[in-house]
Amino acid sequence: MVEIIGVWCAVLLTLSIFSYLYGDNPFYKAAEHIFVGVSAGYIFTITFWDTIWPNLFGRLFPTIVQAGFDFDASYIFPLILGVFMLFRLSKKYDWLSRISIAYIVGMMAGLKFYVFLNSNLLTQIKSSAINLSGSYLSIINEFIVLVGVISGLVYFFFSKEHTGAVGKVSRIGVYFLMIKFGASFGFAVMGRISLLIGRFEELIEYSSFKYYYSTPAILVLMIIVLTYWSIKNTNINENN
Amino acid sequence: MTQYIKYVLIPFLTLLFYFFFPFPLFLEGNETTFVCVIILCFIVEYFIEKAKNGDKIYMRPIAAIKAMEEAVGRATEMGKPVLYVPGISSLDQIDTISGLTILGHVAGMTAEYDAGLQVPVCVPIVMETAKETCKEAYLKKGRSDLYRNDMVHYVTDDQFAYAAGVNGIMLREKPAAVFFQGKFYAESLILAETGNSIGAIQIAGTGSSSQIPFFVTACDYTLIGEEFYAASAYLSGSPEMLGSIKGQDYVKVGCIIMIVFVFISSALNGYGIINFDVSSLFRINIIR
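Chains as they are written, first to last, in the working numbering: chain A, 13 to 252; chain B, 11 to 298.
Next comes chain B alone, as it looks inside the complex (with noise of 0.2 Å):
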């Protein structure tokens, strides 16, 4: 009963509410938007519900997320330390968070193997973030001695520059594994080479499209698009996200539906079988 009250009776008067409020309360030509917005967050709610409640979820395996442990655990061996570059970009951006996230995880191995680490920031917010996760994943370790303030630190804003000085910190430290993990641009390709030449186990992961093709060329492992965003919740194995990203795959499949539904009735329009434009249900009003 709790169930069904949460996840059909609330989605349905939240929608009501939405479209027979008498007073203008809510910008026009949104109602797609919103109702789409209801079902993603209902579908994951769900799921993360069920994950909760102890429901098994498969997660097929990643190669770069079982790659990561490998790579500091070389570095350890050959008393080298770990680079960790989180991209050029600011917390704006969820390819910084989700490289942030990745960021702990990697912190946590570097604690509890006693391995050095290297994370060089281009944005000052950033870097303070940074120093808080890794802080903190040095702490759940039980390794705060092995803290400094110093791995986390600023090089510069400017893209480039910050590229020069990352490549100096690669040729000069010779690190044994580097994570570039975050939102990169056009100095992608410039590290990525850099860190292919000093002999470097490299494991990158971005959500930019544009850069992808770069780290697949000069890095051992690469978690494209959306494996970099759901490669947290597999490092964290925590049933919220891993509920998640179970949700998001049945959001996917709605897509999928929609899209061959989408496709089919735009070609009986288009034959005069049908009357009716599907796609002029997707309206999207920006936000003024």
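Here chain A stands alone, though its shape is the one from the complex (with noise of 0.2 Å):
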């Protein structure tokens, strides 16, 4: 039983949002605000159950929390961070928490610093190398990476106008950018055509009997609803 009420549920709520495409509508804004709210409630629970507790706390007061840490006194630091963040609250103190935003946003770009320097910057410099060993085709593919990642640095030069020389190496640096965009859009579009379909093959599942028609006689009934509401908002619409 109870996995029958999980089902239409399910289809409810995914039909609600398909009903997106009629326009804004009371099945959207219901399904919406029941989406926004539960998983806001959710990601906080399992935040401060799966994080904060086990983390923080457990390693702070290792004897109440056991979650298999032993003490650590610097987690104090990130405690006092926190409750900095808390002083938001206070009209007179709301000064302190931008300590704890000034702490993660200079540690973050210090630390991304380093990782993008030798991601984007040397691995990229590194992979340059030609490997003449390959076939003619693998040694050409290198030329034309070479070519588009030489063309599209010229594109983001900002200082330079982008005439005469610099201007034609920009320009096919767009060229491949633009090919690489076409080729991400159409792999992405494949990905969410296969997740509809993964959605479809599911509520052509509980179509079935042994869920009570659930799909076929929720689609009705919100087609009525809708229709309903249609007719209601038409005339409302013309009294005005």
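Possibly wrong hints are sitting among the right ones.
No farther apart than 25 Å at their CA atoms in a straight line, the calculated lysine-lysine pairs in the PhoX-like style are these [claimed, not checked]:
#, chain 1, residue 1, chain 2, residue 2
1, B, Lys145, B, Lys90
2, B, Lys145, A, Lys103
3, B, Lys184, A, Lys41
4, A, Lys104, B, Lys145
5, B, Lys141, A, Lys104
6, B, Lys262, A, Lys192
7, B, Lys16, B, Lys262
8, A, Lys103, B, Lys150
Keep in mind the hints are simulated off the structure, nothing from the lab. These numbers come from a predicted model, not from an experiment.
Reassemble the complex: the two chains are provided individually, in unrelated frames, and hints are given to aid placement.
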């Protein structure tokens, strides 16, 4: 019985989200609000019980919170920074939260600088080496990649006017970027279509007697309600 | 003389200290990274200093940046709000920080034109930073009376629930201008399509290369990759920011030279003309 209720809820919410194709309607609004509310509450609970409770309190109070960690005094700093964030609620001391924000931004900027330098710069330069032991096609491919990388970099010159030779090279860079975007778009659309097929397969499965024809039943009900809602709305608009 | 000390002697002494310090102070295997960090920092610093000293720096025009003011102006004329979406990542992403910098400028424009502004956010800490940014922008324009604390509001942390929530805001509030500036993932097309369907002028900006195609398709203007990071410098017009952009351009020139050098030397190595693998110089040791 619980499974049947779950299936009916899943079908109702799926079709409610699909009803967005008809525009903003009561079904979509309800599904959207349920989705937003439930996810916000769920993530808050998960963050507290799966992250803060074991990782922070588990290290500061290992005797009370037995999460498998030993006492670690250095975790007092994240606790203080976290408490500072809560001072946002106080008008007098809300400036304390800026310390936490500044720490996160500064620390991450420094850390990312190192990571980006390695992954986006040094690895890119290192990967430019040509492998002549490969086939002719792979060598041609490496040439094309080299031209693409250089022309793409030229396109992102901001302090130089894109005229003359720079303009022509940057134009080639734009073509390379557009080809990449086109391929990426097509790839993502294929992925989305497969997701859609997955949902349809489930909806078809739930159309059977085993689930009391949940999909057609809810679909018919939604069409009736939406038709009534649409006629009512048209009348209100005409009266206005 | 001061210039000579600052840009030649200090980097040289730093490198000497790094390579010849007698005790094991530094992690081994990161020599190339360290040299690159020193070179990059001093190149950028040099151009920042030049810009501060009054050197004029040319910046090529970017259509999306110019269109930002037009979009806010359009929203004001239509009496509709401006919607600003700062992406779904936290402050650990450069895109989010860049998005918040641009938010400051957009908020400044909405304050100036007295247009409504809505900033739905996905991450609590981004909400607090966005609130500070908007508040400061309104204060700078002398319109603190127009600032409302609920301009920036939390929706949810969940990616698709956030997308559904922002879609709902777009459908009901019908903003005349929509800005997508930050780190986006699979929700980008859902958001941009909805914005397109309500007829809003849309300006997107992201460094997520996999999401740029969707914005290019559905938005009126898109800041792609580094254009997005440079946008904040363009908008601020401050010599520090413009100088750093100029410095980064020179770093790119250096990269091109290195790429060509590695390509040619690897080809020569492949033909047996030289007997040295240049790519072995680029050792990378990840922090343990």
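Which hints from the list above does the structure break, by number from lowest to highest?
When the structure is compared with the hints, none of them turns out to be violated.
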